[in-house]
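Undergrad: Spelled out from the first residue to the last, the chains are:
Number of protein chains: 2
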Amino acid sequence: MDLKEKIKQKKVVAGVVGMGYVGLPLMVEIAKNGIKVLGFNRGQEKVDKVNAGTNYIQDVADEELAELVRKGLVSATCDFSRIPEVDVICIAVPTPINNQKEPELDLVIDATKKIAKNLQKGQLVILKSTTYPGTTEEVVLPILEKESGLKVGKDFYLAFAPERIDPGNEKYGTGNTPKVVGGVDSKSTKLAADFFRLFITEVFEVSSPAAAEMTKILENTFRLINISFINEMALLADKMNIDIWEVIEAAKTKPFGFMPFYPGPGLGGHCIPVDPYYLAYKAKKMGLKTSFIDTASDIDDFMHQYVVEIAEKALGKKLLTEAKILILGVAYKKDINDLRESPALKVIELLSKKGANYDYYDPHVPNFNDNGVKKTSLEKIDSDIIRNYDLIIILTDHSSVDYEMVLKAANKVVDTRNAIKERAEKVLKI
Amino acid sequence: MDLKEKIKQKKVVAGVVGMGYVGLPLMVEIAKNGIKVLGFNRGQEKVDKVNAGTNYIQDVADEELAELVRKGLVSATCDFSRIPEVDVICIAVPTPINNQKEPELDLVIDATKKIAKNLQKGQLVILKSTTYPGTTEEVVLPILEKESGLKVGKDFYLAFAPERIDPGNEKYGTGNTPKVVGGVDSKSTKLAADFFRLFITEVFEVSSPAAAEMTKILENTFRLINISFINEMALLADKMNIDIWEVIEAAKTKPFGFMPFYPGPGLGGHCIPVDPYYLAYKAKKMGLKTSFIDTASDIDDFMHQYVVEIAEKALGKKLLTEAKILILGVAYKKDINDLRESPALKVIELLSKKGANYDYYDPHVPNFNDNGVKKTSLEKIDSDIIRNYDLIIILTDHSSVDYEMVLKAANKVVDTRNAIKERAEKVLKI
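Protein sequences appear in the order of chains G and Y.
Residues 209 to 638, numbered by this note's numbering, are exactly what the first sequence covers, in order.
Residues 209 to 638, numbered by this note's numbering, are exactly what the second sequence covers, in order.
In case anyone wonders, no lab produced these hints; they're calculated from the structure.
Wrong hints could be hidden among the right ones.
You can't tell identical chains apart in this list, so a pair holds if it fits in one copy or across any two.
Unchecked claim - Taking lysine to any residue pairs in the SDA-like style, the calculated list, with each CA pair at most 20 Å apart, reads:
| # | residue 1 | residue 2 |
| --- | --- | --- |
| 1 | Lys582 | Leu547 |
| 2 | Lys447 | Glu517 |
| 3 | Lys542 | Tyr229 |
| 4 | Lys214 | Leu406 |
| 5 | Lys362 | His572 |
| 6 | Lys460 | Asn384 |
| 7 | Lys244 | Gly228 |
| 8 | Lys526 | Glu272 |
| 9 | Lys279 | Gln308 |
| 10 | Lys561 | Gly228 |
| 11 | Lys395 | Gly342 |
| 12 | Lys354 | Leu553 |
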């Protein structure tokens, strides 16, 4: 039975390489639809957890994963020689940037090599990791063909289909978020699209992997630009004695042509502070400009410093080094436990450089590593605890915190998220 | 009866200063709700037209205006000594920028002076013209108080309430677009808000005129930034052999966090290429940066030139000076007759500088003044006419044009609006 027929009859077996924030929810979504999934991962720890039915991702339901593992629909391995057992291979490994904001494709290349060595005739490979336009055809394809001796379009198929997962989003998950797919040829596009249609409501086919790669980058660069733009507007508004949060609420009443974004202590997460630099890297290599990304980058860098400036202003005559500071929230956005690229870490780094000490409270992040020092969250906060600090800095606005209590009890507050709705002299906002 | 009571009992008489794209639709909207309106205008021509019941604005229904004039609900005058006849005075005069992209507040100042000389106790003045944060309190208020000898908050009231009119928008007009209002004191805010509630569905009160001024600028700067950003992405995509229009369609399938904007030959209209420079001017005066506006400005300036570059590329060996060129659409956006700040004019200027000659066809703009030369639109286009040109340049995508016919008949097309959906070698897109 060829792949087209296997997909049609829903007898396809799926492989997912990389079992993190993207890979594991994908495995669950596929298996929920009765399709067998084998996960591949470099590290043994996640493999053991999955095989034991133990969940480690916030957006996955513990019981759902356990049930799928019991049913034999989900299993995992470190052994890439088992690639021949699957029909479709989704690559969902991280694509970070280095300190120079340049792409780190090592994990994609490593996964591709391991797949290539075990690639079988008739298999379909789908890259899902966000990357610059051209990666699928210029980086992945040559490795697959060279190491396997097989020919794309004839022996195997290759497509790019970006992930759009939004951690913590309760309305849109893998299954009901439309999937964009672009193959290296029309057969690859069609096979990949039909595969996704088995478990995703809407699939949108584009004419090339590069168009699909660009789609994801456009989406996240749009967010980068708009968040940075509103941050710049917040800086201006502050100097003009205008409350930017009030202005955004007012602008939101426009029923067409406007979309609200909010200021904050800087960009965070695994996508927005990363993806645009993949495009910037590629553009630079081609001698082209990405002025908006550069502008956004400058403003974002400044925001961390700006939070520290407001903190110093809030403390008045008291020095940062002498102040008792409590940071509320360190996750990169509200109600999640994810610290990746969190602006809180950058603000903390700047505070530490200035000799400030701090405690923190984050109900979602019980502890984290602050440059080698393990920091542990306060177990709880209440009026007595809050009153004890000279300054409260709200960096993440988790829903479970009682901000009215914070407002009442605090001596001074720097609120970077408009968590405290009331306006008071002791609260300084971004 | 005081103003509050007059508004409550709907016995208020409204004055509107400036009877253009904003003023006339506002007059009609007010009068439709049974409130008497007196329009004030410097020029006699519009005054005579209105008093004769003759409409001159696309978004106003001819019969509606005529009916309101017959009923005595709408009338107009050049005589500002009639200001005492009205209770509320809305200022809706143009606020353009000069060649250095600096605000031209002359018309606001002139209108304010004329109002001030005739200002009565108990009157409410509402500035609606888009301007930089601070104008109402720093420019309008001092003139009103000085020339009238009256005191704001005690003798008269003052607020800012930006216009959000979107020419050609059939869903949202003056009456059903929420109105943002900020007064110089709470009584001014309340009176202005209650006045607008007589004829506008939703009114949103903010804490100051500056917040209301900033709201309008945020809305339109958001659009400036995003249109310029997508133009920069279009430039990149072109070099990467990616179809940006396809990418935008794909990105649009994301059900959260994305809003589509489209590339084009440059910004146009009376708001987007103008309003942000009011903010930039004020920021500059305060020693602050507006990096995003500056970046957008650079890209916008480049787009006109880029259209000419594509045109030269499309012509191949044929020189611009020798080519027969037809421009389709000169209005600043589709299906309207408005030429203000139209990018077509700038593209035409660059083409002319290079010695190119052109004809044009725009069903909404029968003629216009091209640097002193009156240009007249072709009366119609058909296959024979299109075939006769070496190059068709689509600058505005009016709905009434048959683009399939254009595609079939044309020798070469530069399509800056994705008006032609089909992809063909003879069509070059932005």
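Undergrad: Look at each hint and say if it fits the structure.
TA: Each hint, compared with the structure:
1. Lys582 with Leu547: So Lys582 and Leu547 pass the 20 Å test inside one copy only (14 Å; across, 63 Å).
2. Lys447 with Glu517: within (14 Å within a copy, 42 Å between copies)
3. Lys542 with Tyr229: within (17 Å within a copy, 44 Å between copies)
4. Lys214 with Leu406: within (11 Å within a copy, 65 Å between copies)
5. Lys362 with His572: neither (49 Å within a copy, 53 Å between copies)
6. Lys460 with Asn384: between (26 Å within a copy, 15 Å between copies)
7. Lys244 with Gly228: within (18 Å within a copy, 66 Å between copies)
8. Lys526 with Glu272: Neither way: Lys526 and Glu272 sit 52 Å apart in one copy and 66 Å across, limit 20 Å.
9. Lys279 with Gln308: Classified as neither: same-chain Cα gap 46 Å, cross-chain 71 Å, threshold 20 Å.
10. Lys561 with Gly228: Answer is neither; intra-copy 33 Å and inter-copy 58 Å both fail.
11. Lys395 with Gly342: within (19 Å within a copy, 60 Å between copies)
12. Lys354 with Leu553: neither (42 Å within a copy, 54 Å between copies)
Checked against the numbered hints above, the structure breaks hints 5, 8, 9, 10 and 12 and satisfies the rest.
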